[in-house]
Amino acid sequence: MAEPNAWSFSLSSHPVALGFFLAFRLAALLTYIFGLIFTSNFILIFIIVVLLLAADFWNTKNVTGRLLVGLRWWNESSPNGDSIWVFESADPQRVINATDSRFFWTVLYSTPVVWGLLALLAILRFELIWLSLVIIAVILSSTNAMAFTRCDRFGKANGIANSMLARSSRGLMQRVAGGLISRVYGG
Amino acid sequence: MDTRTVVGDQIQDRRFAGGDTLDEPVWDTLMRDVRAVGRRVKEVLRPKVDASIDAESGQIVREWDLWGPLIFCLFLSLALSISAPAQQSSLVFSGVFAFVWIAEALVTLNIKLLGGSISFFHAICILGYALFPLVPGAIFSIIVKNMLIRFPIDTVLIGWSLFASMRTLKGAGVREGRVVLAMYPVWLFYGWLGWLCVIT
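Chains as they are written, first to last, in my numbering: chain F, 1 to 187; chain Y, 1 to 200.
Selected chain Y positions facing chain F (Cβ under 7 Å, derived; list incomplete):
| id | residue |
| --- | --- |
| 1 | I11 |
| 2 | D13 |
| 3 | R14 |
| 4 | L70 |
| 5 | S90 |
| 6 | F93 |
Cross-link-like lysine-lysine pairs, in silico, DSBU-like; alpha carbons within 30 Å at most:
| id | chain 1 | residue 1 | chain 2 | residue 2 |
| --- | --- | --- | --- | --- |
| 7 | F | K61 | Y | K112 |
| 8 | F | K61 | Y | K42 |
| 9 | Y | K112 | Y | K42 |
Everything labelled a hint here was simulated from the structure, so no lab data went into it.
Just so it is clear, CB atoms sit at the ideal spot from N, CA and C, and this is done for glycine as well.
One chain only, chain Y, in its complex shape:
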């Protein structure tokens, strides 16, 4: 095994030395990833408060994947574009889609620049999975047109997203006194998306 470091990331070359995952049936590969996505959704949305299980829950989310963020982002963009005026539909869709990914990247960059010890993709994975509560919010906005009803519900959902992402990010190891600076964009991110759900 040979390890080098490139731009702060490590690279390992391994020679496959046996075992059966190289020739495993495709179905096994597929189901393994599907189950992993399901575990991660549950884990990010209901972070375990008990410290003894923390290590295990950390491990589950540490193996990141971007399927959840992709699916939730698509649903969110779709829902918001459906309730937008007809001629703005595709603009809203691509705008929200682009916004979600670019904003997630910027928020992660912010955390890393503040000394965060979290991996880039890991952070994007968490932010993306924590989008889940906003999806029902956007769908709800399709059905209910009254902003006064939407507002409290979306506030609760934003709070859930924030709680889930902050709990799982756990300050991401940034320096003391910088935690608020690191988390502030996260609040902006979910707040803006929630606000879109309210005014759409």
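Extracted from the complex, chain F is given alone in its bound form:
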């Protein structure tokens, strides 16, 4: 099912958007992991990573999701103070590029996983000030991941997510993730 060049940029209909999407995510990760090699200034790295994470969050939410897979989500405050979460999915007539979709969903789900592993690493090494930064990263990236999944309830994401879960450890992880997801989204 996966053609040999399915992951090539040339097949994407929004290569620039895809490029920025990957660039921000990778930049935040790499700055966090390798920043200390280039400078011993913790504050500088913290600020850069936080700004990159914020830029990545905004970019994914407002640009990437919209352009690559036609999904959007936001939160409104109603006049009586209620908070309304709105999940918007595209017109079914709209054609979604398969490469874009594959790239988007894969990177969307793998980012929180990677940051989660880095969080574990920070806990094991007792680096609590770095942990605060990683926690911010986990929260931001998982928010986007969960929100877009919610937008796409009946769409293709479930197929890709299921195949990813199946390929990784079965059993416990599948049950935990399935239980968590059904509790959050209420079926």
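Using the hints provided, position chain Y relative to the given structure of chain F.
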């Protein structure tokens, strides 16, 4: 459109039915948000006293965003860490940063638990934007080392922050007689940050 309620918040699923904001140029999206941040800074800092414009000003701030709070928090933490002793710099930075966000969350939780009818993120947005006056205060503390000069200036700035946030929160709809209970942590919040600017 399908609406359900989850933990007190509503959820809506919408199908995009046309219009051009789904495919709009990225620049438009960016500028829309940039302008919104600018409007909110002006709005929170100089709340309109005229009641007839209240509805509009309420609408501007009701659409919340956390860019302003992030930027002001970063500047505040940076400024305070610069004037801290060298070996405490990063500790002060991450301490102030963490304190601001955790305290804002706790103050908002307090307001909501007292029956406040304000949305969680909306309240954090207001508290964060009202941090703006303290930023020049912290920067000023880098330049001026004398606490006697810092004190009155920081008091004025704390007052401005308090006025801006309370005016915009407008008691947040908490029950009668609980308004002081709800606002007291807000005073503590800005007071503590202002005090940090004085003693740093």
